[in-house]
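There are 2 protein chains.
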Amino acid sequence: MASKPSIPKGTRDFSPSEVAKRQYIIQIIKSNFEKFGFQPIETPSFENSDTLMGKYGEEGDRLIFKILNSGDYLAKADATHLESKDSTKLTSSISEKALRYDLTVPFARYVVQHQNEIEFPFKRYQIQPVWRADRPQKGRFREFFQCDADVVGSKSLWQEVELVQLYDTVFTDLGLSGVIIKINNRKILSGIAEVIGASDKLIDFTVALDKLDKIGEDGVKKEMIEKGISLEAIVKVQPLFNFTGTISEKIDKLSDLLSTSADGMKGVEELRFICDNVLKLGLESAVLDLDVTLARGLNYYTGAIFEVAPPKSVAMGSIGGGGRYDDLTGIFGLKNMSGVGISFGLDRIYLVVEELNLFPETVTATTKALFINYGDKEAFYALQAIQKLRAAGIKVELYPENAKVVKQFQHADKRGIPFAVIIGEQEMESNVYSLKNLKTGEQISVDFEKLKSSL
Amino acid sequence: MASKPSIPKGTRDFSPSEVAKRQYIIQIIKSNFEKFGFQPIETPSFENSDTLMGKYGEEGDRLIFKILNSGDYLAKADATHLESKDSTKLTSSISEKALRYDLTVPFARYVVQHQNEIEFPFKRYQIQPVWRADRPQKGRFREFFQCDADVVGSKSLWQEVELVQLYDTVFTDLGLSGVIIKINNRKILSGIAEVIGASDKLIDFTVALDKLDKIGEDGVKKEMIEKGISLEAIVKVQPLFNFTGTISEKIDKLSDLLSTSADGMKGVEELRFICDNVLKLGLESAVLDLDVTLARGLNYYTGAIFEVAPPKSVAMGSIGGGGRYDDLTGIFGLKNMSGVGISFGLDRIYLVVEELNLFPETVTATTKALFINYGDKEAFYALQAIQKLRAAGIKVELYPENAKVVKQFQHADKRGIPFAVIIGEQEMESNVYSLKNLKTGEQISVDFEKLKSSL
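Here the protein sequences come in this chain order: A and B. Start counting at 1 in the first sequence, then tack on 1, and there's your number in our numbering. Start counting at 1 in the second sequence, then tack on 1, and there's your number in our numbering.
Treat the hints as calculated values from the structure; they're not laboratory data. Among the hints, a few may not be true.
As the list claims (entries may be wrong) - Just the calculated beta-carbon pair ranges, DEER-fashion:
(1) B:377 x A:455: 50 to 58 angstroms
(2) B:332 x A:316: 40 to 48 angstroms
(3) A:441 x B:116: 28 to 36 angstroms
(4) B:431 x A:138: 27 to 35 angstroms
(5) B:204 x A:7: 52 to 60 angstroms
(6) A:441 x B:431: 13 to 21 angstroms
(7) B:448 x A:432: 53 to 61 angstroms
(8) A:247 x B:116: 44 to 52 angstroms
(9) B:328 x A:63: 55 to 63 angstroms
Stated by the list, open to error - If we take Cβ atoms under 8 angstroms as the criterion, some of the chain B residues that face chain A in the derived model are:
(10) 38
(11) 86
(12) 376
(13) 415
All residues carry an ideal CB built from backbone N, CA and C; glycine is no exception.
Start from the sequences, fold in the hints, and give me the full structure.
As structure tokens, this is what we get:
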């Protein structure tokens, strides 16, 4: 191989400092998941194709990475599709497995498969990579981690309250003040459509409404009309185009607007319960916002819908999202299992924390001191100290070779190691260590106990 | 989907307690890797096929999971191979990516690709899953984690010394006393072959010698003769069939046996350096053993070879292995990069720790207390306490629904939650909490501070 090797597009290598920073975020998410009573599960990277296919729509099916059967896969290939060179139809006869596309469908599969071992309500979290054959672009990768927490087996709205708190504590722990937790409810959206007599155009309506920030009131109205929504209907929802006030005031407005829709009023009631309790219990650093344009995953969610926007100073899309889905496991034959969950967008959170310079310096701190290697006798002496320091939990290293001293110091410098320990003949004789602070250049002679306490 | 869903053979779901136990082992490995100065990297789950293919021999190539190209993959398929239904030859034209088979080849690729950003010697660790289309059997899976630590860019034998210490500290921390760290050297093996005049039969010789434990001296000799190794040659290495004594005595025997082989004597010298220093520095709980039958990865290693056997009380194969490879990155065009590394076998270590009952009880401890839900008013009151307890890092949960109290207690019991907190009208009025120990049944009335300190 003559040319430098590379990795597939849309994938990434993570350097030590990147791994450390990602782990820092994951650790904060994980510890909060556990504080809230969520338990970890892990599922295989690939699932049987029929577990995944048909769950994400046609576009989703296309974006699922399929694994070629092992061995003589053509022996079992469908002859007709092979002859007609029909890639789409051939796939199922030469590929039985596929890489997971998200963590929700595998979770639903897990719940159904293990329903007799699980104690419901089941609060699980899962932090694992997923794969999508999407066109790579800035911030969008073909392999990325999802961090999901879901509760399955209870319709209690206290869970929505706690999930908002969970977002708040995670982002507070990350030092990310002022994230906006947007909440809406699928029933509000269908209530609105019902009131305006355009239930069959619900998706068109919400997709248009969702663009309010981007294309403005006129643009949204224009799009709605183009989609066949009547002007009369649009006039009815005029309050939604200038939807301001406190959350409580907004809910009152919705209550007026949706008074004729049973579904809509159920949504108002749910929203009120969740928002009231969240606000009375209080958030640490996040801001709760009721956003009726929020319509993510419309086909999926049935109750609360969440989306988290980064602090206003950062221009970036959502860093989290989630909601309630009344029939999580129905696709695998287990009915009446309501689920509600949220997800953290690791890659974007990383970019936000980086942009705001919020990674603590200690995150990437690795080795505390490099022991300079003056030869085998000195190295052995050094390793005796190193062994004891490591046993005390201190990260120290011996430079492996008796290289030029200046090279060894350069190595410490490039690695960002703050101290060097020098042990030559003299130090060995007097049973001391020369400890050099590589930032200040200051060097002191210490005994082992002092060395240990200094590091 | 009517039938219960399942997962592909050779893969696993991990339940909360299994994840917790795996994480416990991984955390101990990780923290020791870092104490020894290794830094984490992560590489993509799939690599370009040409990065992986041809690196693991023909059998390895077959066991690599290939990913089908996205879109109309048949459009670019080789027509001849398609027509002749030649699966093996067709693969490269319909699949450009493959799941990684181990962590070593991706690491070599990483080093070459990022050589200008890396400060050598580079001590990296990597803990990620790998995939092999192997026939699943007890303890062998198609998806499993590897935990590798390698140093690249230095030939210093101090690294071998430290890697033995690293094995020792990890297994000591796991409470696994008496693991046997077997060491050998590839140069010893080739020296032996040279001395007996059967250099061309080195692999046959070592494969046979490796079976000494299984088929005995006679069996090994029989196999050697069948493979065309002369009786005269076998007589020359008679000392190897009863190779006892201290490590130092064994090395002396090898020194006699290999005195005419330059390669062999180099191996003796290396072994002596490593073993002498390891023994003088001392191991905490592991036992070092020189095992001349150890020949794993023969085509790969060029110096030290390591393998770790579990304590003698457990019947199980190796739980770790590694060695020195002088030309790690040559396959990707970067010459003269010596590497040395070790690997921990997570799945087998798990089984050993389980069998010896060494997982601390706290590992699977999750939620500390369940707050019983008596209705929305009480639940709100409970959440006020829960919020403060979580802020103090205590894992507590509210039962999400106002279900029958006996059902809520059963939930705590099944989940293994040790305490319940009861808040009814009475408690709310007197601003106290009833804390019930679910093991003893004892129930006390406490204020918030006492509640917090009790949990």
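Can you name, in rising order, the numbers of the hints this structure does not satisfy?
4, 5, 6, 8, 9, 12
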